[in-house]
Amino acid sequence: MKKTLFIALAIFIGFTAFSQKYTISGYVEDAETGERLIGANVFDANMLKNATSTNVYGYYSLTVPKTDMILTGSFVGYSSLQNEFKLNKDTVINIKLEPSTKIGTVVVSGKRNNVESPQMSTIDVPLKTIKNMPVLLGEVDIMKTIQLLPGVQSGTEGTSGIYVRGGGPDQNLILLDGVPVYNVNHLFGFFSVFNADAVSNVTLIKGGFPARYGGRLSSVIDIRMKEGNMQKFSGNVSIGLISSKFMLEGPIVKGKTSFAVSARRTYLDALVAPGMALYSKFNENGLENFMAGYYFYDMNAKINHKFSDKSRLYLSVYGGNDKAYTNIKEEGENSSFQTKFNLNWGNVITALRWNYVLSPKLFMNTTATYSRFNFATKMEYSDTWYDGDKKYEDEFKMGYSSGIYDVGTKIDFDYNPNPSNKIRFGAGGTFHTFRPGVTAMSMSGDYDNIDTTYGSSDLYAREYAIYLEDEIRLGSRIKVNVGGNLSFFNVRDTTYFSPEPRISARLLITKNWSVKAAYSEMQQNLHFLTSSTIGLPTDLWLPATDILAPQHSTQYAAGTVIRITPKIDLTIEGFYKEMTNLIEYKEGESMFASMEDGESAGEVWEQKVEQGDGLAYGGEVLLKKDIGKLNGWIGYTLSWTNRTFENIAFGETFPYRYDRRHDISIVMMYKFNDRIDVGATWVYGTGNAVTLAQQRYVSNNGVNNYIQYYNEDWGNELQTVEYYGKRNNYRLPAYHRLDLGINFTKQRKRGVGTWSFSVYNAYNHQNPFFVQFERNWRKDNKRELIQYSIFPIIPSVSYSFKF
Amino acid sequence: MKKTFLIFIAIIFVLSSCKKTLDLSITDAEKKIVINGILYPDSIVRVNISRSLGVLEEDSTEFQFLNKATAKLYENDNYIETLVFDSLGFYHSTIIPDLTKKYKLEVESEGIEKAIGRVEFIKSVPFTITDVESFVIDSTITVSRTSDWNEEFEPYDTTFQYANVNCKLSFEDPLETNFYVIQVYSYCFNMGYFESYENGEFVLSGFYLNNDSKMQKIYANYSIENNNTLIENYTFYGVDYDILQDDLFNGQTLSLNLDIDFTTFDLQPVYIKMYSVPKNYIDYSKSENKYWQANGNPFAQPVNVFSNIENGFGIFTAFGLHEQVITLN
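Those protein sequence lines, which keep their order, are chains A and B.
Oh and the first sequence: position 74 is 74 in my numbering, straight run, nothing missing.
Oh and the second sequence: position 273 is 273 in my numbering, straight run, nothing missing.
The reader is advised that the hints may include incorrect statements.
Listed below are several chain A residues computed to face chain B (Cβ distance under 8 angstroms; list not exhaustive) [stated by the list, open to error]:
| id | residue |
| --- | --- |
| 1 | I70 |
| 2 | A693 |
| 3 | R696 |
| 4 | Y697 |
| 5 | N700 |
| 6 | V721 |
| 7 | E784 |
| 8 | I786 |
Worth flagging that the hints you see were computed from the coordinates, not collected in a lab.
From the three backbone atoms N, C-alpha and C, an ideal C-beta is built for every residue, glycine too.
Please model the complete structure; the sequences and the hints are all you need to start from.
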């Protein structure tokens with residue numbers, strides 16, 4: 001199968017690569033800001049088959065025979081622009097599109113013509129919609145918006161983890177300006193690290209993956225940061241209940257160099273500080289100084305410089321950190337003690353990219369990347385006391401750190417020999433450093449003097465990939481994207497080699513109706529060790545090793561896209577995905593159990609996990625309207641997701657925790673006028689699968705213990721063990737929630753101010769966060785199954801000012 | 001005041017929305033018979049029979065132990081006898097099983113489906129004890145009361161011994177995969193001590209005896225010195241035991257150096273037992289150990305304790321056993 005696909009690719013390229021005459025190329029830009037537009041359509045209105053779209057750097061290239069051309073550029077939210085001329089030589093035209101201010105009154109085309117595109121299972125996430133949606137605590141969150149799309153399941157309530165077509169949270173390749181992001185969570189997953197103000201484009205791919213992407217099994221989320229306004233300074237300041245943020249962009253050298261910078265910080269720590277101070281002052285325990293807090297911040301910065309129309313350099317940086325801390329100090333007459341505890345985790349991501357137009361048909365991008373996720377905890381204890389004049393001091397310090405560090409380079413080429421072929425090829429390499437967990441400890445004073453470091457040593461891995469893909473037009477109705485990705489992964493003298501064929505095809509039935517099919521194989525050389533359902537920073541990224549093979553998936557997808565009206569697309573897709581070498585903790589194992597045992601989790605992690613298979617299949621429906629006064633979407637997913645591990649649940653197939661039979665999301669926004677818009681989101685999902693005991697019984701050891709300690713007067717408690725049967729054998733109640741929001745916008749002298757009011761969980765539905773058996777002392781100590789919910793109705797308000 | 005009241009109502013509303021009791025649809029899971037029993041060479045069959053409880057069902061010892069069950073014992077599929085109830089769910093045979101034959105136990109109880117346990121003896125592996133070295137330290141204490149504070153008591157002095165024994169345990173491992181459990185114990189009065197709080201510190205203020213009229217089996221602390229042995233240590237209800245796997249010495253002679261520490265009265269002998277343990281018991285033991293490790297840890301994956309009972313729960317198996325006694329001088 002793989003060999004056949006590669007041969008087909010070579011034949012297609014050979015047949016179609018040599019018939020062009022003149023090339024028209026250039027960039028499509030926002031006329032006001034100079035921001036390059038990704039995925040804008042460029043076509044000849046005289047001959048619609050001569051069409052293309054801009055790449056992720058806003059570049060397009062169209063090679064056609066000599067013709068009278070009406071070159072048209074279009075992009076959602078912008079007025080289309082037409083340029084009529086005679087094409088008789090290679091020509092460069094940069095198309096500058098004006099943003100449309102009167103929604104629904106100008107001619108606009110969909111950002112991605114989903115009927116026309118051969119790529120399936122791909123959704124451009126509408127950023128304008130994201131910013132107007134009602135959100136939890138006023139924090140706009142890209143990942144939570146993605147959770148509302150069909151084929152994507154949310155995890156535990158309120159968290160940002162996403163589960164695409166039966167995959168795990170680690171199986172999503174989340175790229176920020178082309179650099180993988182390993183930890184997308186702030187505040188244990190309740191907020192994601194992406195500041196929507198700094199982002200210009202978000203694309204989600206769930207299947208039919210183009211060959212240029214690799215390394216994860218289930219999805220690609222390609223996030224592009226704003227480049228910065230080349231023409232004038234502009235910005236945005238926002239104040240919310242838990243955080244404030246700003247974004248500023250503008251030219252450094254007008255038309256040549258620009259920057260965009262944004263930052264966000266929470267202030268929960270500042271809000272609770274007075275309360276802490278009061279507590280310290282009035283509490284009876286003699287604590288003179290008690291401080292505890294939590295905050296996170298993140299910042300994005302990007303500079304780009306245009307050397308010429310052919311050459312452009314970008315430097316983008318993301319840095320974000322979460323910190324939780326306590327500091328307790330007690331002073332006595334002759335003694336004092338102090339304990340400090342810090343938790344720190346965060347990402348740093350850097351990308352340096354250079355775009356160069358080698359020829360009108362050949363575009364090159366070279367990238368050097370650095371990505372780091374680090375988790376560190378530090379505990380300090382000191383005790384000082386005096387015996388007369390003599391001073392005694394005990395001190396204990398312990399720190400633990402884990403993380404992953406990547407350095408990589410890659411080079412990508414876009415080659416457009418003719419309107420029938422759009423070829424992409426490239427190569428890349430990444431050097432991974434994994435730190436599974438290192439503890440440093442020092443003790444002095446009354447303790448034995450110790451200063452030591454222990455834990456797992458760092459693991460190093462090299463990962464290389466090359467790819468080739470061609471988007472081929474075969475006649476007027478068929479378009480195929482065919483290609484392959486070849487990856488090499490080397491760790492501990494073991495090398496994994498993975499050829500991954502990809503193909504997706506579209507058959508145009510009518511101008512507004514197409515059917516599509518796709519086949520893709522993906523390999524993931526990284527594993528993610530997590531024992532929780534929320535995004536804990538203790539979760540570990542670790543490599544495939546000689547003991548644990550890489551994860552692999554094969555996905556088949558088929559579907560249809562119907563443009564019901566020029567503004568409304570209906571997409572229906574089915575998928576079937578097989579996954580192998582997935583990991584799960586063995587029964588009874590967890591990260592925390594190992595810590596209790598005094599082990600570093602990394603030391604034995606390969607022994608703590610099982611490898612097994614997964615299967616996911618189902619169907620998705622998306623009815624989407626991107627433009628007009630009323631916009632939004634309705635999404636529905638019907639799916640089944642199972643796991644089979646030889647040594648878990650006696651080898652029986654069991655449902656994945658996020659196996660969700662039905663998942664519905666309705667997202668609607670309505671703009672009454674330039675001053676008022678409203679939004680509503682309703683979600684419904686089948687309850688998560690959890691493992692609950694079915695019965696209890698007394699074990700052999702329990703009997704022995706009972707007899708051994710039996711007392712005729714008092715009897716003895718008969719200790720029972722619980723029998724669970726299959727893993728994930730019980731369904732929590734269904735999840736559903738309604739969020740409402742309203743934005744009041746007012747033109748001010750120096751900009752536009754917006755008050756946003758939103759209500760999360762408007763009808764206060766108690767959605768399950770977790771359940772457990774408990775004894776109720778009010779009811780004769782009877783056992784009950786108790787459900788805990790964490791988010792009741794939560795109103796919020798924020799104010800933003802755009803200038 | 002009105003504002004305060006509204007804030008109060010809002011807080012109550014928010015807090016009360018965080019927790020609720022769920023109706024559980026799996027309460028009616030079919031109850032199963034539980035058979036727990038280990039057979040030893042030269043001993044009668046003795047098993048405990050109980051039934052499982054629903055997850056929300058109340059604990060009830062009388063209800064849980066099945067004292068009116070019918071437990072039929074079969075030898076090589078031929079019925080030989082029905083076990084006799086003695087107490088607290090225990091039933092026993094009158095015959096001593098033949099180590100060369102297979103046994104089946106069918107248990108029935110009113111309202112619950114029949115459960116079956118099958119068992120086959122594995123061979124005992126004899127061992128020798130050599131190179132015994134020991135030392136004993138006498139110590140005298142004053143026993144000042146019983147464990148009951150209120151009981152009148154005449155304090156008296158008594159002498160006990162701290163003993164240490166070093167010896168070599170050797171055996172020939174049969175060719176097939178084998179597992180062994182070594183148990184070391186002696187007999188001693190169950191002794192405790194009590195403390196008093198003086199000048200900011202706890203100080204030892206006396207000793208007492210539990211059940212001072214009889215000595216009890218006290219498991220000794222011991223360590224094994226051997227680099228060529230796969231040993232897994234398990235703890236259950238405070239009793240440590242080691243499981244030796246023969247992966248690294250299959251079919252060979254193995255010698256282990258035992259270093260045994262214990263406390264005793266009147267120089268009671270040391271008993272060393274080596275059980276030959278079947279794989280099903282190892283699976284049971286490991287899984288139960290994992291179960292208790294994971295119990296209460298919300299991040300750990302739940303564990304099903306291994307069972308070899310058809311249509312029921314529990315473990316029904318047989319050990320081989322060899323025993324040696326070391327007498328101290």
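Quiz item: Which of the stated hints cannot be reconciled with the structure, identified by number in ascending sequence?
Solution: Going through the list in order, the structure violates hint 1 alone and respects the others.
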